[in-house]
Amino acid sequence: MLLSSLLRTIPISLEQGLAYGLVALGIVITFRILAFPDLTVDGSFPLGAAVVARLIMEGVPPVFGILMAIIFGFLAGCCTGLLNTKLKINSLLAGILMMTILYSVNLRIMGRSNIQLLTVNTLLTPLENLDINRFIPIIAFFFLVAFGIKFLTDMFLHTQLGFAMRATGDNEQMIRTLGVNTDNMTVLGLGISNGFVALSGALVSQDQGFSDVGMGIGMIVAGLASIIIGEALFGKKTVQRMTLAAIVGSFIYKLIISLGLRLGLAPTDLKMATGAMVILALGIPALKKEKEGKLHLRGV
Amino acid sequence: MVRLENITKIFSKGTIDEKVAIDGITLHIRKGDFITIIGSNGAGKTTVLNLTSGTFAPDGGDIFIDNSRVTRLPEHRRAKYLGRIFQDPLMGTAASMTIEENLAMADLRGQSRGLRWGIKKTRRDHYREILKTLDLGLETRLKDNVSLLSGGQRQSLTLLMVTLSLPKLLLLDEHTAALDPKTAETVMRLTQKIVSENNLTTVMVTHNMQQAIKYGNRMIMLHEGKIRFDVQGKEKSALTVEEVVKRFGAELKDEALLC
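Chains as they are written, first to last, in my numbering: chain Z, 1 to 300; chain X, 1 to 259.
Honestly, the hints are just simulated from the structure, not real lab data. Glycine residues also receive a C-beta, built at the ideal position from the N, C-alpha and C atoms. Certain hints may be false.
In the DSS-like style, the derived pairs of lysine-lysine whose C-alpha atoms are separated by at most 30 angstroms in a straight line are [as the list claims (entries may be wrong)]: (1) X/K121 - Z/K150; (2) Z/K288 - Z/K237; (3) Z/K86 - X/K19; (4) Z/K237 - X/K234; (5) X/K246 - X/K234; (6) X/K246 - X/K168; (7) X/K19 - Z/K150; (8) Z/K236 - X/K120; (9) X/K226 - X/K13; (10) X/K226 - Z/K237; (11) X/K13 - Z/K88; (12) X/K121 - Z/K237; (13) Z/K236 - X/K121; (14) X/K13 - Z/K86; (15) Z/K237 - X/K246; (16) X/K80 - Z/K88; (17) X/K19 - X/K246; (18) X/K31 - X/K132; (19) X/K132 - Z/K86; (20) X/K143 - Z/K236.
Pairwise CB distance ranges, derived in the manner of DEER restraints [what the hints assert, rightly or not]: (21) X/I130 - Z/L270: 54 to 64 angstroms; (22) Z/L92 - X/G14: 49 to 59 angstroms; (23) Z/L92 - X/K19: 52 to 62 angstroms; (24) X/E139 - Z/K237: 18 to 28 angstroms.
Pulled from the structure, derived: some chain X residues nowhere near chain Z, Cβ distances all over 12 angstroms [said to hold, decoys possible]: (25) K19; (26) D23; (27) H28; (28) E101; (29) R116; (30) K132; (31) M161; (32) S165; (33) Q192.
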């Protein structure tokens, strides 16, 4: 019974895991690479969805809508970075402020609290209409996007600029004495991260057929859970492993969740279960009196 | 070459905790100088380095590098002139990055960074070559994370990183104080070698009188934010610990300094 449930949940978990994997990838850049606890995510995810939904309703081609969603997400992330680096607002608070502001922004963009996309043509519509099981083209599409962005991220983090960004999170003092403006690195990194998150929001809204102002709630915790699961499998020794951990972790997280739902977990308790998962993962090392599990974070 | 003119620095200005850390110091560093700075806790040694490198700006006075005023220039924009090594051996390298990645970052000191690959294949042989001179076996571990190295190894690597793109002025901030005596000795020998081979202008802050007397061509003693004693050339090389203790022992009152 468990096995057949597992098999039946794999396609839907793959679809969602890969689509939400970009959120986890964004969180890797902030929490892991920059050591910056960015909470903008809960606002930039629905921002991406809102931008693409509104533009599609206005008759704009979906690809262009997605590009705009990425740009809006990038700018939102930059704002959080500027709040922290220029106005010296605590990094957690800066993210919370942007997340709150974005709630109003998203309502403004959509003009109402949700937009239906089921009856209009989205980027995914041609894939849905193929004469095969819808899972095959959809999963293939999300696979290409998630891993494409993963490889681009890996490449970027091995350029001169990428080195400077990684060093900013690792040892800010050191890279500043080598002549890098760490404030700019923080702003840029937050921008890229939230660009990924907004892209995820834009794709997810087209996949599920609607954009809702509340669809970002708990996104940061779900993303963290994904990363923690992935890192348990792949470790975090290299950049490639960290980004791989984000995507695979996101898939396994969705698998656990959909399996839980099939076995009787009430959908209302979903976020509580996710929170408990993160608390357990972060808390166990402390209970075992190990030092390792601690998050190294800046600006808090 | 580097001039500090009548510098003052006051911490917690205007509060009950106000402390004058630097009280009107003027210091001219000439090209090729190796200056050691000594003083007891709170004398202002590290503050002088922080002001020179731009960690914070002074409350009064001016700082010049090669006759251009850098008093208010932020730290990252002075990087092409200055190299700095800290007391904490973990401060000079990025632990989660590999040895070659750290070296490659040092290669670009003070230059703009773009979207080219962080590591040039052609530089790798050079990295291996210079790592060999450390005699720590690091030349075979280019792709190891720096977190795997010991404190002494990391401090040696930091010194090596300085040589990749030579700064006009090297600032050493008690860079051997956190190491065990034997490692400290090794790192100090390496420092001496790198400084003399590259004819680096150097300022070394130290807590250790013997070290301050043994190395360099000029020694400066700070006391309560002022230069108390400034000795160079022949007079410096003839200096002994006993003599300094006899002259200043009463006011130094710092056992650690005198050993």
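Hint by hint, here is what the structure shows:
1. X/K121 - Z/K150: With Cα atoms ~24 angstroms apart, X/K121 and Z/K150 stay inside 30 angstroms; holds.
2. Z/K288 - Z/K237: The given pair, whose Cα atoms are some 22 angstroms apart, holds under the 30 angstroms limit.
3. Z/K86 - X/K19: Within the cut-off at roughly 27 angstroms; holds.
4. Z/K237 - X/K234: Answer violated: Z/K237 to X/K234 is near 53 angstroms, above 30 angstroms.
5. X/K246 - X/K234: 19 angstroms, holds
6. X/K246 - X/K168: 36 angstroms, violated
7. X/K19 - Z/K150: 51 angstroms, violated
8. Z/K236 - X/K120: Holds: Z/K236 and X/K120 sit about 24 angstroms apart, inside 30 angstroms.
9. X/K226 - X/K13: The given pair, whose Cα atoms are some 18 angstroms apart, holds under the 30 angstroms limit.
10. X/K226 - Z/K237: 48 angstroms, violated
11. X/K13 - Z/K88: It holds: about 20 angstroms lies between the C-alpha atoms, which stays within 30 angstroms.
12. X/K121 - Z/K237: 22 angstroms, holds
13. Z/K236 - X/K121: 25 angstroms, holds
14. X/K13 - Z/K86: Cα-Cα ~23 angstroms, so holds.
15. Z/K237 - X/K246: Distance of about 55 angstroms is beyond 30 angstroms: violated.
16. X/K80 - Z/K88: 26 angstroms, holds
17. X/K19 - X/K246: Distance ~29 angstroms between X/K19 and X/K246 Cα, so the pair holds.
18. X/K31 - X/K132: 29 angstroms, holds
19. X/K132 - Z/K86: Violated, because 43 angstroms separates the two Cα atoms, which is more than 30 angstroms.
20. X/K143 - Z/K236: Satisfied, since the Cα-Cα distance of roughly 15 angstroms is no more than 30 angstroms.
21. X/I130 - Z/L270: 54 to 64 angstroms: 55 angstroms, holds
22. Z/L92 - X/G14: 49 to 59 angstroms: 30 angstroms, violated
23. Z/L92 - X/K19: 52 to 62 angstroms: 32 angstroms, violated
24. X/E139 - Z/K237: 18 to 28 angstroms: Holds, at about 21 angstroms.
25. K19: At about 23 angstroms from chain Z, X/K19 clears the 12 angstroms cut-off, so the statement holds.
26. D23: 26 angstroms, holds
27. H28: 23 angstroms, holds
28. E101: 6 angstroms, violated
29. R116: 6 angstroms, violated
30. K132: Since the minimum Cβ distance to chain Z is about 23 angstroms, X/K132 lies beyond 12 angstroms and the statement holds.
31. M161: 8 angstroms, violated
32. S165: 9 angstroms, violated
33. Q192: Consistent with the label, X/Q192 stays out of reach of chain Z, its closest Cβ about 22 angstroms off (over 12 angstroms).
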